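Chemist: The lines below spell out each chain.
2 protein chains.
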Amino acid sequence: MGGKMNCLYKSILIWVLLAVSGSAFAGSDPLPSWNDGASKKAVITFVKAVTSKGSPSYVEPAERIATFDNDGTLMSEQPIYFQFLFEAVKLKGLSCDLADNQSVKKAIEYLVASDPFGELLFDPDTGAPKTDEEFKAEVDSFLSNTIHPRFKRPFVDLVYQPMLELIAYLKQSGFKVYIVTATHGEFIRPWSEKAFGIPPEMVIGSSVKVKYEVKDGKGILTWGKDVNFICNGPDKPAGINYGIGKRPIAAFGNSDGDIQMIEYATTGKGLRLGLLIHHTDAAREWAYDSPSDIGQLRDGLTEAGKKGWIVVDIKKDWKVIYPFEKKTQSKKGHKAVNAYQ
Amino acid sequence: MGGKMNCLYKSILIWVLLAVSGSAFAGSDPLPSWNDGASKKAVITFVKAVTSKGSPSYVEPAERIATFDNDGTLMSEQPIYFQFLFEAVKLKGLSCDLADNQSVKKAIEYLVASDPFGELLFDPDTGAPKTDEEFKAEVDSFLSNTIHPRFKRPFVDLVYQPMLELIAYLKQSGFKVYIVTATHGEFIRPWSEKAFGIPPEMVIGSSVKVKYEVKDGKGILTWGKDVNFICNGPDKPAGINYGIGKRPIAAFGNSDGDIQMIEYATTGKGLRLGLLIHHTDAAREWAYDSPSDIGQLRDGLTEAGKKGWIVVDIKKDWKVIYPFEKKTQSKKGHKAVNAYQ
Numbered sequence: 001m002g003g004k005m006n007c008l009y010k011s012i013l014i015w016v017l018l019a020v021s022g023s024a025f026a027g028s029d030p031l032p033s034w035n036d037g038a039s040k041k042a043v044i045t046f047v048k049a050v051t052s053k054g055s056p057s058y059v060e061p062a063e064r065i066a067t068f069d070n071d072g073t074l075m076s077e078q079p080i081y082f083q084f085l086f087e088a089v090k091l092k093g094l095s096c097d098l099a100d101n102q103s104v105k106k107a108i109e110y111l112v113a114s115d116p117f118g119e120l121l122f123d124p125d126t127g128a129p130k131t132d133e134e135f136k137a138e139v140d141s142f143l144s145n146t147i148h149p150r151f152k153r154p155f156v157d158l159v160y161q162p163m164l165e166l167i168a169y170l171k172q173s174g175f176k177v178y179i180v181t182a183t184h185g186e187f188i189r190p191w192s193e194k195a196f197g198i199p200p201e202m203v204i205g206s207s208v209k210v211k212y213e214v215k216d217g218k219g220i221l222t223w224g225k226d227v228n229f230i231c232n233g234p235d236k237p238a239g240i241n242y243g244i245g246k247r248p249i250a251a252f253g254n255s256d257g258d259i260q261m262i263e264y265a266t267t268g269k270g271l272r273l274g275l276l277i278h279h280t281d282a283a284r285e286w287a288y289d290s291p292s293d294i295g296q297l298r299d300g301l302t303e304a305g306k307k308g309w310i311v312v313d314i315k316k317d318w319k320v321i322y323p324f325e326k327k328t329q330s331k332k333g334h335k336a337v338n339a340y341q
Numbered sequence: 342m343g344g345k346m347n348c349l350y351k352s353i354l355i356w357v358l359l360a361v362s363g364s365a366f367a368g369s370d371p372l373p374s375w376n377d378g379a380s381k382k383a384v385i386t387f388v389k390a391v392t393s394k395g396s397p398s399y400v401e402p403a404e405r406i407a408t409f410d411n412d413g414t415l416m417s418e419q420p421i422y423f424q425f426l427f428e429a430v431k432l433k434g435l436s437c438d439l440a441d442n443q444s445v446k447k448a449i450e451y452l453v454a455s456d457p458f459g460e461l462l463f464d465p466d467t468g469a470p471k472t473d474e475e476f477k478a479e480v481d482s483f484l485s486n487t488i489h490p491r492f493k494r495p496f497v498d499l500v501y502q503p504m505l506e507l508i509a510y511l512k513q514s515g516f517k518v519y520i521v522t523a524t525h526g527e528f529i530r531p532w533s534e535k536a537f538g539i540p541p542e543m544v545i546g547s548s549v550k551v552k553y554e555v556k557d558g559k560g561i562l563t564w565g566k567d568v569n570f571i572c573n574g575p576d577k578p579a580g581i582n583y584g585i586g587k588r589p590i591a592a593f594g595n596s597d598g599d600i601q602m603i604e605y606a607t608t609g610k611g612l613r614l615g616l617l618i619h620h621t622d623a624a625r626e627w628a629y630d631s632p633s634d635i636g637q638l639r640d641g642l643t644e645a646g647k648k649g650w651i652v653v654d655i656k657k658d659w660k661v662i663y664p665f666e667k668k669t670q671s672k673k674g675h676k677a678v679n680a681y682q
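These protein sequence lines are chains W and V, in that order. Each step along the first sequence adds one to the number in the working numbering, with nothing skipped, and position 151 is 151. Each step along the second sequence adds one to the number in the working numbering, with nothing skipped, and position 322 is 663.
Read the hints as simulated data drawn from the structure, not as lab findings. Any given hint could be a false lead.
[Unchecked claim] Here are the in silico distance ranges between beta carbons for each label pair:
(1) V:552 with W:152: 37 to 47 Å
(2) V:565 with W:216: 31 to 41 Å
(3) V:488 with W:53: 45 to 55 Å
(4) V:460 with W:269: 20 to 30 Å
(5) V:554 with W:137: 39 to 49 Å
(6) V:622 with W:128: 31 to 41 Å
(7) W:153 with V:482: 52 to 62 Å
(8) W:53 with V:474: 23 to 33 Å
[To be verified] If we take Cβ atoms under 10 Å as the criterion, some of the chain V residues that face chain W in the derived model are:
(9) 474
(10) 517
(11) 530
(12) 531
(13) 534
(14) 587
(15) 602
What you are looking at is a predicted structure, and each value in this text was computed from that prediction instead of being measured. Where a beta carbon is used, it is the ideal one built from N, C-alpha and C, also for glycine.
For reference, chain W alone in the conformation it holds in the complex:
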């Protein structure tokens, strides 16, 4: 087995060296906001190896499935998950100005204990469930009006420029790119296309049961009281099964809740890519791993070390964090896709 693997790695290596020296790697830099280094190189090498005909690791387009966690992987999650912020802003009587660590901690404790997302799907005055269309309008309004306390910009501006480039690169390389998140899908779907270029039908998140009914001659969906699915930890692969039905060949996360998704993706046959974002840059973003109330990353780092997953060190690996920091000299086809800018 070891011999066979060595042989496989050797043939991949030879092919990669040939490709690097040839024309396959010519052209523009697909990841201009990434510093040259091991992380960027590993990503590009993987994409080239699975997409270039003649490569021993070639993967047919139909099997090129990539899954991304959302909070902390595609956008900042500090001082509080974006869904939690939505809950805090919407719920009456909850003071949550996020001005200091103590109020953040208190808000998180309250929100985790009461899990009020379901409540927000009902009209607080009448108790009637909102329709999916009513709820989407509310999320849209929230997006336009909620300012991040640190950056004084709409929270949705805090997406990662390097990850926008990575999503665009994968899509241009024939990948189908999904978000697989513990956040409620209904909260992400209204803006995922605009922010990331990932359409609602490619967002797999947690969900509340919905009910179909006819009102004034129109078929509508309204919310029930029961949770349908929580898409986290070992249930991320389950969510991938319900929503996609294929094992991804690449998976991207940032916390211990993403371990099983990355493990599921990287233990299939053939060349695979697992990647964790490590938040190491307090000056430009945040620095945290464990212990942390938000996006704890402890076991994931151990697993990554053992299993060869890439660990992105934000401080070292990323030239730019957010699209608004500076306008990257984007080359054709790789410009920032966040339409909120």
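With chain W fixed as given, assemble chain V onto it according to the hints.
Modeler: Frame of chain W, contents of chain V only:
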């Protein structure tokens, strides 16, 4: 309201007449296996109206979602649903040669009452759950070996040539095309791409709960005992919500179990298309509607009449039923996509 609608219809009509007389309708026939008539005309008129820039009913590609039922809509479902046949063949001790109406009726009664699909996900000898990969291999083997009792061909050959053309036409017109079926998704996904050009990730079906675990260092999904979701009737719109998160603009079915899906699609804003297949051709396929043990269509016909859904009369509307009947003189880009042929 009535006046406004009349005005809208008038402007659509004027636009369609202009388009027909101009170059937009030039080119090859996208539905060569459909007889010229009201059904074909209605489908083509709808597609042109929602896809041509300048049309008052133009719909952006992102919103062009079409959902198809599977059994009886995309392929024959007589004398027994394909999943039931799979169950009958796989389950020990069940005699089901489907040779006469009585044995078919008995098999259906047994299979409906015992709902044995879940059983098939477990090894009958050890009781251990199969992995998703093991189960897919079993479905593949079934597809290669199961011969339809009437047509003496693999059952999967009994897909409808006119519907293959319709799927291809919609895809070429920028639609995202989904299967939304009461059949278990796991049973359809291994062959939907090959049969219909619809990849597994665009199949929304019934499901059994899955569990993630690590076995010999590999992350695998195995089946649980509990049903996760049954995707039928009023739960078809719910399945569409979980799997897509958008209201379709076109929906296609053949039985009363498809009413709510078509109603949901056709009661959104703007131009919509609802279509029911009516099985009227005993000589070339089957003739049935109500009462029927399989694919009952009674209320659907009433609804279609009231709401202006298209009812396809197979005998009148389809030149060819199956791809194997005769090789249609297919024009560029519209050939049969069923790779099983």
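Chemist: Hint by hint, note whether the structure agrees.
Modeler: Do the hints match the structure? See the list:
{"no.": "1", "hint": "V:552 with W:152: 37 to 47 Å", "verdict": "45 Å, holds"}
{"no.": "2", "hint": "V:565 with W:216: 31 to 41 Å", "verdict": "40 Å, holds"}
{"no.": "3", "hint": "V:488 with W:53: 45 to 55 Å", "verdict": "37 Å, violated"}
{"no.": "4", "hint": "V:460 with W:269: 20 to 30 Å", "verdict": "28 Å, holds"}
{"no.": "5", "hint": "V:554 with W:137: 39 to 49 Å", "verdict": "41 Å, holds"}
{"no.": "6", "hint": "V:622 with W:128: 31 to 41 Å", "verdict": "47 Å, violated"}
{"no.": "7", "hint": "W:153 with V:482: 52 to 62 Å", "verdict": "56 Å, holds"}
{"no.": "8", "hint": "W:53 with V:474: 23 to 33 Å", "verdict": "26 Å, holds"}
{"no.": "9", "hint": "474", "verdict": "8 Å, holds"}
{"no.": "10", "hint": "517", "verdict": "7 Å, holds"}
{"no.": "11", "hint": "530", "verdict": "5 Å, holds"}
{"no.": "12", "hint": "531", "verdict": "9 Å, holds"}
{"no.": "13", "hint": "534", "verdict": "7 Å, holds"}
{"no.": "14", "hint": "587", "verdict": "6 Å, holds"}
{"no.": "15", "hint": "602", "verdict": "9 Å, holds"}
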